[in-house]
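Residue numbers (full-length UniProt numbering), protein chains in the order written: chain A, 1 to 511; chain B, 1 to 394.
Just so you know, the hints here were simulated from the structure itself, not pulled from any lab data.
Do not rely on the hints blindly, as some may be mistaken.
FRET-style restraints, in silico, Cβ to Cβ [as the list claims (entries may be wrong)]:
1. A:Thr2 / B:Arg5: 38 to 46 Å
2. A:Trp290 / B:Leu4: 42 to 50 Å
3. A:Phe422 / B:Arg126: 34 to 42 Å
4. B:Leu4 / A:Leu433: 40 to 48 Å
Each residue gets a CB set at the ideal place from its N, CA and C atoms; glycine is no exception.
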Amino acid sequence: MTHQDQLLKSAYSDSLDENVKTLDALLDKSIDLIIRPLVLHKGKDIRARCYFTDGLVKALEIDTILTGLMAFTEDVFKEREELTGKELMERLLLNFSVRITHEIGEGITAILSGDTLLLVDGIGAGLIVGTRGWDMRSVSEPATETVVRGPRDGFTENIRTNTGIMRRRIRDPNLRIEGMQIGTRSKTDVNIAYIKDIAKEELVEEVRSRLKSIKIDAVLESGYIEELIEDSPKSIFVTIQSTERPDKVAAAILEGRVAVFVDNTPFVLVMPTYFWEYVQAADDYYSRYWVGSFFRQIRYFCFLLSLTLTPIYVMLVSFHHEMIPTELALTIASGRAVVPFPVLLEALMMEIAFELMREAGLRMPKPIGQAVSIVGSLIIGQAAVQAGLVSPFMVIVVAVTGIASFAIPNYPASFSIRLVRFPLIIAAGFFGLLGFAVFLFGFMIHALSLRSFGEPYLAPAAPFRPRDQKDLLARMPWWSYEKRPSMAQDRRRQPSGTKPKPPRPEPPQPT
Amino acid sequence: MSALRRIGCALLALALFAGCAGKQEISELAIVTGVGLDLTDDGEGVRVTAQIVRAADARGQTGAPAGGTGEPIYSVSAEGDTIFAAIRNLARISSRRVYWAHNFVIAMSEEYAREGISDMVDFFTRNHELRMETWVVVTPDRAEEFISTRTGIEILPGESVEKLFWYSDIVGEAPQTNMMNVEEMLLSDTTHPMIARAALRKAGISNKKPEKGASVNQAELSGAAVFKKDRMVGWLKPGEARAAVFFIQDVESLILPLACPGEEKHKATVELQEHRFNVKPALKNGEISFLVSMDADADLVEFGCDGPLESALPDIEKVLEKELRQGFESMLEVAQNDYQVDFLKLGDRVRNEYPVYWHRIERRWDSIFPDVEIEVDVHAEITSSVLKVRGGRK
């Protein structure tokens with residue numbers, strides 16, 4: 001243990017000078033650290049000091065501390081000889097959040113988090129006053145997951161705002177939000193949210209213990225946490241869902257899942273996660289169930305297309321010509337007549353060009369980003385075909401693949417699908433149907449072996465859970481969801497027989 | 001070396017050393033859409049003519065400059081002692097790999113068919129690239145010419161023959177014989193093959209010189225070639241082929257012009273809508289006989305006769321029955337007397353019904369068949385005469 005660690009662990013001394021010395025040694029001088037000396041009682045020579053960080057505090061709260069202390073201390077001391085920290089807190093501090101700390105380190109963390117540390121001579125403890133109030137982005141529409149029908153609020157970078165949004169949705173006393181700090185240097189606030197009687201206790205404990213076992217100096221985004229606690233760290237599949245949508249998180253919590261909020265990021269982690277959720281959109285549950293089910297099917301189809309269309313095309317054109325209907329074969333052959341590259345190379349070229357445009361369009365400043373996509377589409381769609389570099393068919397195939405991959409509502413998942421596509425294309429181009437099948441089956445077997453916090457990744461399809469099917473391929477009407485998915489502890493969601501009916505007409509009264 | 005690296009090396013080696021085995025770009029192929037088989041001039045060998053598609057020209061411009069010659073097909077022929085030898089010789093000329101999987105049609109000239117088709121069937125069924133749905137026809141013309149003539153609406157001659165077969169059941173004058181059927185009939189102990197006849201006929205009218213009348217060749221599908229074992233023995237006329245088709249496959253509909261009752265000059269036309277065609281073998285005193293029965297419902301689609309419809313209908317029904325019966329009878333006559341081969345799968349029906357008896361006569365079936373008694377019973381009914389009551393003629 002270094003000297004600094006020892007100091008951080010040490011307790012406050014009764015002497016203010018002593019404490020100031022320790023704090024000065026630890027914090028030294030930073031331009032944003034403000035130390036405000038006060039004299040509370042002239043006659044008794046009670047001195048005090050406020051420590052807070054400029055830029056993180058709300059000035060109004062500091063004013064309240066100063067007003068309370070300066071104006072009323074002398075009155076209080078008329079009645080009494082001495083004051084303890086507790087009495088100080090109860091009688092003089094008008095702020096809404098005050099707590100007493102005995103450890104130096106805790107006080108320092110509080111200062112650096114935007115709270116104010118108040119040290120008073122003669123009190124061997126520090127008072128932490130809640131004065132947090134930094135500038136932040138207001139709640140706005142999530143950028144990554146947009147819906148047509150559904151709430152427009154998204155999480156922000158402030159963890160308290162986020163947990164507040166969650167409380168607004170679930171006003172259940174059993175909704176527990178537990179806090180911890182992760183990161184030896186960043187001390188990032190991480191909160192776990194779950195409903196006590198719905199989520200399985202083992203699951204919550206598992207999340208808790210995995211979070212506690214993280215040893216990292218800083219957590220700057222929930223992606224860090226995701227990578228440090230997932231079940232299969234080497235897998236290409238995402239086994240923890242991250243979302244910007246509060247309604248998604250609330251729904252997940254109500255199904256017995258656990259959400260992990262991380263400060264400074266609008267992305268909240270939800271665990272455990274089934275693979276199929278990446279294809280399910282929030283809209284599904286808000287629009288009519290026929291519509292929701294239909295578009296869910298479309299998304300499943302898109303998922304298949306974006307994964308397999310290009311590999312299948314490459315495979316057919318370079319190995320299995322007999323599988324293409326004759327007329328189509330001729331059309332493809334005529335389009336390819338002048339293309340100097342093998343299909344595999346052509347496909348890789350186009351796919352990479354597509355990814356390139358997408359990435360460039362994303363990284364460019366917004367006004368320029370559009371230009372990238374326009375120029376890119378002109379070059380790829382028109383000029384490359386006319387120049388005889390690629391066949392028009394390949395442009396169509398890659399375009400459909402690309403568009404299909406955008407239809408998958410979850411970004412990380414759609415990225416992994418696109419990543420899987422490249423080895424598939426190469427396998428199909430080298431080994432034909434054999435390679436395609438072997439690779440696809442390899443990925444499927446791998447996906448089958450995955451677990452997310454103990455839940456099989458492909459459930460409820462494999463293992464097949466008949467009771468959970470209502471939300472897999474189709475979105476059944478809400479009145480039919482009597483039970484929660486089997487990952488929940490308390491499975492009853494609503495009483496049966498809630499299907500709405502028109503009122504039964506009164507039997508005609510005999511007149 | 002870790003396991004992962006070992007797997008990686010294995011994959012890399014596979015990709016580099018064996019990777020693209022069997023890989024062939026679609027644009028590097030010479031896609032054959034029709035094959036013609038002729039005898040060579042000395043009658044010893046085979047002359048194989050392949051109709052190869054020039055994809056860029058057959059499909060026109062699809063964005064990329066194709067640099068075509070404007071001709072959608074490229075026909076090439078080669079000779080050899082056997083079909084395979086001829087095809088190998090074809091490769092000497094062709095700059096691309098000859099690819100058979102998209103072949104639409106195999107056409108054999110009459111001379112070739114008379115020499116025996118078992119070589120052809122053997123070669124084309126052994127060839128793994130070939131689809132069993134390829135149509136097989138016998139042509140009285142030179143197969144070479146038949147294959148390489150651009151005909152009709154379709155750009156590719158092979159395609160036009162394919163589509164003729166698709167819609168051939170409207171006319172019903174030729175059996176739908178694809179490789180699978182032909183092989184089945186050839187290998188069968190009971191049946192002899194019957195293959196559709198396709199010929200070139202001047203039917204199309206040139207756009208540039210319409211005054212010259214029909215001058216452009218068209219492929220015509222009508223009639224059939226009758227085989228004994230694998231050698232062709234003769235032709236069936238279109239009418240006979242139509243009756244024979246009932247025996248070997250399902251006929252969807254049939255259009256028959258009939259002479260009006262009492263007056264030969266005018267005609268009424270009926271369309272066979274639904275029919276139940278049945279062949280029943282009967283064994284009596286060790287003698288086999290057949291009852292061919294047909295129960296047909298027909299629509300009256302054209303009524304050119306004089307007089308009112310109501311009174312004419314029963315008569316038309318009778319004429320229809322007679323026409324159908326005569327069709328069957330004359331076809332059976334041809335089969336039993338002229339060719340003396342069972343291409344009607346009648347032997348099959350005996351085998352299925354009386355397996356023990358069949359076992360006894362199996363070897364003698366070809367000699368028994370010409371003398372077998374076949375009774376034809378046709379019952380026809382006109383179920384719909386359409387709303388118009390009067391005839392078109394006053």
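Hint check:
no. : hint                            : verdict
1   : A:Thr2 / B:Arg5: 38 to 46 Å     : holds, 41 Å
2   : A:Trp290 / B:Leu4: 42 to 50 Å   : holds, 48 Å
3   : A:Phe422 / B:Arg126: 34 to 42 Å : holds, 39 Å
4   : B:Leu4 / A:Leu433: 40 to 48 Å   : violated, 26 Å
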